[in-house]
Each structure stands twice: as C-alpha cells, then as structure tokens.
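Asks: Just need the whole structure built from these sequences, with the hints factored in.
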Amino acid sequence: MSRTIPGRLHVVATPIGNLGDLSPRALDVLRGVDRIAAEDTRHTQQLLAAFGARATLVALHEHNEAAQSAQLVAQMLAGENIALVSDAGTPLVSDPGFRLVRAARDAGIAVSPVPGACAAIAALSVAGIASDRFAFEGFLPSKAAARRARLQALAAEPRTLIFYESSHRIAETLADAAQAFGPERHAALARELTKRFETVLDGSLPALAKRLAEDADQNRGEFVLIVEGAPEEDGGEALALGRRAFSLLREYLPPSQAARLAAEISGAPRKRLYAAADAAVPD
Numbered sequence: 001m002s003r004t005i006p007g008r009l010h011v012v013a014t015p016i017g018n019l020g021d022l023s024p025r026a027l028d029v030l031r032g033v034d035r036i037a038a039e040d041t042r043h044t045q046q047l048l049a050a051f052g053a054r055a056t057l058v059a060l061h062e063h064n065e066a067a068q069s070a071q072l073v074a075q076m077l078a079g080e081n082i083a084l085v086s087d088a089g090t091p092l093v094s095d096p097g098f099r100l101v102r103a104a105r106d107a108g109i110a111v112s113p114v115p116g117a118c119a120a121i122a123a124l125s126v127a128g129i130a131s132d133r134f135a136f137e138g139f140l141p142s143k144a145a146a147r148r149a150r151l152q153a154l155a156a157e158p159r160t161l162i163f164y165e166s167s168h169r170i171a172e173t174l175a176d177a178a179q180a181f182g183p184e185r186h187a188a189l190a191r192e193l194t195k196r197f198e199t200v201l202d203g204s205l206p207a208l209a210k211r212l213a214e215d216a217d218q219n220r221g222e223f224v225l226i227v228e229g230a231p232e233e234d235g236g237e238a239l240a241l242g243r244r245a246f247s248l249l250r251e252y253l254p255p256s257q258a259a260r261l262a263a264e265i266s267g268a269p270r271k272r273l274y275a276a277a278d279a280a281v282p283d
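The numbering of the sequence shown is full-length UniProt numbering, which starts it at 1 and goes up by one.
In case anyone wonders, no lab produced these hints; they're calculated from the structure. Be a bit skeptical, because a hint or two may be false.
No more than 30 Å apart at the CA atoms, straight line, and that leaves these computed lysine-lysine pairs for DSS-like [stated by the list, open to error]: (1) K210 / K143; (2) K143 / K271; (3) K195 / K210.
Now the in silico label distances, taken between C-beta atoms and shown as ranges [what the hints assert, rightly or not]: (4) E172 / D132: 26 to 32 Å; (5) D132 / A53: 34 to 40 Å; (6) A216 / D132: 34 to 40 Å; (7) D21 / P269: 42 to 48 Å; (8) P269 / K195: 44 to 50 Å; (9) E237 / A171: 30 to 36 Å; (10) D106 / I265: 30 to 36 Å; (11) E198 / H63: 30 to 36 Å; (12) L19 / K210: 19 to 25 Å; (13) R272 / A70: 29 to 35 Å; (14) E214 / A67: 23 to 29 Å; (15) E237 / D21: 31 to 37 Å; (16) H63 / P141: 16 to 22 Å; (17) E172 / R42: 39 to 45 Å.
Bear in mind that the values here come from a model prediction, so they are computed numbers and not experimental data. Every residue, glycine too, gets a C-beta built ideally from N, C-alpha and C.
Replies: Next comes the structure, spelled out in structure tokens:
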C-alpha cells in the first residue's frame, strides 16, 4: 500500500512596491504550487497577472486563519504544495500567517522560506541609524492613550526601534514619539519604499513632524519610522523592561501598585517607573 508524501509550505516574500523585486525563485514557486494562501486574493491575482502566472487562490486573513489553517494542513498532508503570501513583503511581519506555519510544523510538514522584500529591513538599511541591535514594534495602537503609553514604555529601550504607520496617524505618532523620547532623539522616516514617490527623511522627531506639516505630499502613503535607541545607562535594560511591564500593568492596577509590581519584575527603580505615569496622558 503506497503512502502519500506530504507536501510543503512555502512562505514567499513578494514586492513592497517595485515588481522587479520579485525573485526568480519566488516566481517559480508561485507558478508551481497547487494553491496560494493570500491575505487578499484580489491583490495577489493582480501580482500574478503582471507575470502571466495563474494559480488557485484561497483567502487567509486574520478573521479566518484558525479555521482555514486546518483545511490547508489537510491538503498538504494529502500531498499538495502551498505558498503563503501577504499583500506585500515578507509574510508574518505585521501580517497573518503564523498560525498556519505553526499548524504545518506541528503536523510534520516542511516549511521553507523564500526570502525577499521586507519594508522594515529595507528602511533600516537606508536610515543611517545603528542596525546591529533593533526591535520591531509593528503598528502602534490607534487610540492615543494606548499609543502614548506604549511609546513611554519604550523610552529607555537602547535598541533601534522600528515602527509601521499609516498616513492617517503618522503626524500624531511623530508628535507622541517626540513627547515620549524627547526632542533630540534622531529618527528616519521612510515613505513609499521602492515606489515612484519614495522618500527617506531624517532628523530629530520634531524636525520630521515639521517637514510633514510643511509638505502635504509627505503625509501620503505607507510609512516606516526608525528611531534611534536611548543612550546606554546603568540599568538601562532593566528600566526598559520595567517600563514595558508598567505600561501593561497600569491598565488594570492603580499606578503606584503597577509601578511596585513592575519594579519587582524588572529590578528597575520604582520611582522612575512611577514617573512614567505622568507621560501617559489620557486621550
């Protein structure tokens, strides 16, 4: 009795703007798999059409990933090869997909990366800011109070910080970041990377906010914000951990109690953590 050999899951990076960034290997994989799991099938269909490729597409997004993953794993166990793509860039970087990857690995299915474009790394490479240690924070909360609390929790982080932001909130995010990190913190703002109107601005956070205020065109598109890390200081890592813990705990506890618990968790001074409450101004 023959035994079916499981298929493979390919995690495929796609262009973030310039179609020339799709690698030959990625195109071969997309043309050769049995089906493609895509965040937005209409968007992926346009990408395939640009290269004269066809494929069976299935939607995989944050609202159906749990249920859809089980079906896709069953298909791979039956011998199908499947590619996972997001709308742009490397899947799972601020995009759905990790549940499918985990389910595939748990089922013993091989998972192969097909590397390519990633907006965060592309922006970091041209920012002129230290890149030996960095932390990717993705999208900040949309609500002002939560966004300010998150930024304040990162104020002592010594690693370079990478954020994604939309055109609707970039001005507010720059203002909140300047308040949390201070007016002298250096940053770079990459907009529409690899696309026709690509720009990369750098300077202090207030200076970047001023550039956007003076030029309406700079408020359009998709943004990656790179912020240099805080100066190293004694207990810097403990303070960064403590502020992050404090920002989470204060949503459920009075500030004094949240600061005490955060200090016990991190080893950071309680008074310095409690002082962070002043910066988290409600919306």
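Asks: A separate judgement is required for each hint: does it hold in the structure or not?
Replies: The hints, checked one at a time:
Straight-line distance between C-alpha atoms of K210 and K143 comes to about 22 Å, which keeps the hinted pair within the 30 Å bound. Using a Cα cut-off of 30 Å, the hinted pair K143 and K271 holds, with the two alpha carbons roughly 27 Å apart. Distance restraint check for K195 and K210: the Cα-Cα separation of roughly 23 Å lies within the 30 Å cut-off, and the hinted pair is therefore satisfied. Judged by the Cβ atoms, the range 26 to 32 Å given for E172 and D132 holds: they are separated by roughly 30 Å.
Taking 34 to 40 Å as the suggested C-beta distance range, the pair D132 and A53 conforms, at roughly 38 Å. The supplied range of 34 to 40 Å is met by A216 and D132, whose beta-carbon atoms lie about 36 Å from each other. In this structure the hint that D21 and P269 lie 42 to 48 Å apart at CB holds, the actual value being about 47 Å. In this structure the supplied range 44 to 50 Å holds for P269 paired with K195, their Cβ-Cβ distance being about 46 Å.
A C-beta distance of roughly 31 Å is found between E237 and A171, which places it inside the suggested range of 30 to 36 Å. For D106 and I265, the Cβ-Cβ distance of about 31 Å falls inside the hinted range of 30 to 36 Å, so the restraint holds. In this structure the supplied range 30 to 36 Å holds for E198 paired with H63, their Cβ-Cβ distance being about 32 Å. Our hint of 19 to 25 Å for L19 and K210 is violated, since their Cβ atoms are close to 34 Å apart.
Distance hint for R272 and A70: a CB-CB separation of about 47 Å, inconsistent with the stated range 29 to 35 Å. Remark: the range hint 23 to 29 Å for E214 to A67 is contradicted by a beta-carbon distance near 48 Å. Checked against the hint of 31 to 37 Å, the C-beta distance between E237 and D21 comes to roughly 36 Å, which is consistent with it. Checked against the given bound of 16 to 22 Å, the beta carbons of H63 and P141, roughly 20 Å apart, stay inside it.
One distance hint, 39 to 45 Å for the beta-carbon pair E172 and R42, is violated here, with the actual separation near 30 Å.
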